[in-house]
Amino acid sequence: MTSRVEFRALGTTAVVVVTEPTHLRAAERAVRAELAAIDLACSRFRDDSEISRLHREAGRAVRIGPLLAEAIDVALRAARLSGGLVDPTVGTSVRELGYDRDFATVARETSEPAPPVRPAPGWHRVLLDRKATEVVLPRGIELDLGATAKALAADRAAAAVARETGSGVLVSLGGDLSMAGAPPPGGWRIAIGDDHARAERHPATTVTLRSGALATSSITQRAWRRAGRAVHHIVDPRTGDIPTPVWRTVSVAAGSCVDANTATTAAIVLGAGAPQWLSERRLPSRLVDVAGLAEHVAGWPAEPDGSDVEVEAGPRESTAA
Amino acid sequence: MNRSTSQRMAKRETGRRKVGMMTAAVAFAGTAAAAVLGLALANGTAAATTTTSTTTDQVTQDSTNTQSNDQLQAPVQAPVQAPVQAPSAGSSGRSHAGSGGS
Chain U
1 MTSRVEFRAL
11 GTTAVVVVTE
21 PTHLRAAERA
31 VRAELAAIDL
41 ACSRFRDDSE
51 ISRLHREAGR
61 AVRIGPLLAE
71 AIDVALRAAR
81 LSGGLVDPTV
91 GTSVRELGYD
101 RDFATVARET
111 SEPAPPVRPA
121 PGWHRVLLDR
131 KATEVVLPRG
141 IELDLGATAK
151 ALAADRAAAA
161 VARETGSGVL
171 VSLGGDLSMA
181 GAPPPGGWRI
191 AIGDDHARAE
201 RHPATTVTLR
211 SGALATSSIT
221 QRAWRRAGRA
231 VHHIVDPRTG
241 DIPTPVWRTV
251 SVAAGSCVDA
261 NTATTAAIVL
271 GAGAPQWLSE
281 RRLPSRLVDV
291 AGLAEHVAGW
301 PAEPDGSDVE
311 VEAGPRESTA
321 A
Chain R
1001 MNRSTSQRMA
1011 KRETGRRKVG
1021 MMTAAVAFAG
1031 TAAAAVLGLA
1041 LANGTAAATT
1051 TTSTTTDQVT
1061 QDSTNTQSND
1071 QLQAPVQAPV
1081 QAPVQAPSAG
1091 SSGRSHAGSG
1101 GS
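Going down the list, the sequences are from chains U and R.
Heads up, the first sequence is in the working numbering, so the first residue is 1 and it goes up one at a time.
Heads up, the second sequence is in the working numbering, so the first residue is 1001 and it goes up one at a time.
Hints were generated in silico from the structure; no laboratory data involved.
All C-beta atoms, glycine included, are put in the ideal place defined by N, C-alpha and C.
Heads up, a few of these hints could be off.
[Stated by the list, open to error] Some but not every residue of chain U turned toward chain R, in silico, with C-beta under 10 Å:
1) A26
2) R29
3) V117
4) A253
5) T262
6) A302
[Unchecked claim] Take a look, some chain U residues computed to stay more than 12 Å from chain R by CB distance:
7) T22
8) P183
9) G186
10) A272
11) D289
With the hints as extra help, turn the sequences into a complete structure.
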């Protein structure tokens, strides 16, 4: 029998599920503590966050705390392993597209056009000395750690609960899930959809997992209109603009939520080449194109109605773009 | 202002030359770049077109789920299609969580 609690955090919904109900309160406390720490370190919407201080002190070596150092390290690793498809230096691009505050208060429609887009400066320009927890952020570069920091928070929170209580636990942050400890009998049931808030009541499909993590990225969420143009929160670092829409929603299972989230974001950015890219990395994935056709990759289970398309490594069998 | 960082980077690059992980030329370029960074910072400018490969060998596992430094880590087991469960005492058909965009 599992027990669960949910609350608002990091601009989204946090869900904590434990296999030992007596540990639910302790689990909630542990997760809240992790999320508060991540928010204070990584939120670009808080003047008092460490990353805001880093932005103010750009151009010189800045001593930072271990958590922000880990978050930057994770973001740079994601950039490296994705070949730059996921790049934390898109901060200016995201802000200029209109995502310049907590999304709850972002104007859903504005007539003012965005400034001309330009490629992200590039993750390789951020210098991090992890051992000394010092970072040099060149002037003019703004970091957006949003995606990887939230995933890191899920991984850290799940690990903290398992460590502190011994209970099996699933932590979901806006649909980015990390599991730790022993799963419930039959595994963790995960409903998949475009919107994490609706997925449980109206799942497109439901899978079970016993460990690791699962993330979903969608261009249908955190979306708004700017000067008559639909935009969203995922930016292609190569252009500084939203990517050409190929995939509406991508879900990936991986060993950690950070890796799952890196892969979902990279897939949205990469577009038509994403199934091959995911398949080569043996990451079980479900990709839904803008017309609603699902493809599954690298062992993601076929859906009961058989409407989806399995894609294996090697030449692509189908292209949904 | 940034001497310690530059010195550490230079020292690390020197160490790399010793273990032969990079060609001498590349290692020298890295050391020189670190020195350039130090000079640029001393002038108050943000230079830095140097590589950050020096940081990626410092990823720690800490408390996170499995992360490899060399590749995105696949799960131990792929997801499986969830069986349809009829709600009953002690066994709800509810999902534990939903995954979607946020």
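Evaluated hints:
With its C-beta approaching chain R no nearer than about 16 Å, A26 of chain U sits outside the 10 Å limit, and its interface hint is violated. Look at R29 of chain U: its Cβ only gets to about 16 Å from chain R, farther than 10 Å, so that hint breaks. About 21 Å separates the beta-carbon of V117 of chain U from the nearest beta-carbon of chain R, more than 10 Å, and the hint is not met. At about 5 Å, the closest approach between the beta carbon of A253 of chain U and any beta carbon in chain R falls short of 10 Å, and the interface hint on this residue holds.
Hint status for T262 of chain U: holds, given a least beta-carbon distance of 6 Å to chain R, under 10 Å. This hint holds: A302 of chain U has a C-beta 7 Å from the nearest C-beta of chain R, less than the 10 Å allowed. With a least beta-carbon separation of about 17 Å from chain R, T22 of chain U lies farther than 12 Å from that chain, consistent with its non-interface assignment. Against the 12 Å criterion, P183 of chain U falls within the reach of chain R, whose nearest CB is about 9 Å from its own CB.
Once the 12 Å rule is applied to beta carbons, G186 of chain U is inconsistent with being away from chain R; the minimum gap is 8 Å. With a minimum CB-CB distance of about 20 Å to chain R, A272 of chain U clears the 12 Å threshold, and the non-interface call stands. Even its closest Cβ contact with chain R, about 15 Å, leaves D289 of chain U beyond 12 Å, as expected for a residue assigned away from the interface.
In this structure, the earlier hints numbered 1, 2, 3, 8 and 9 are contradicted, and the remaining ones agree with it.
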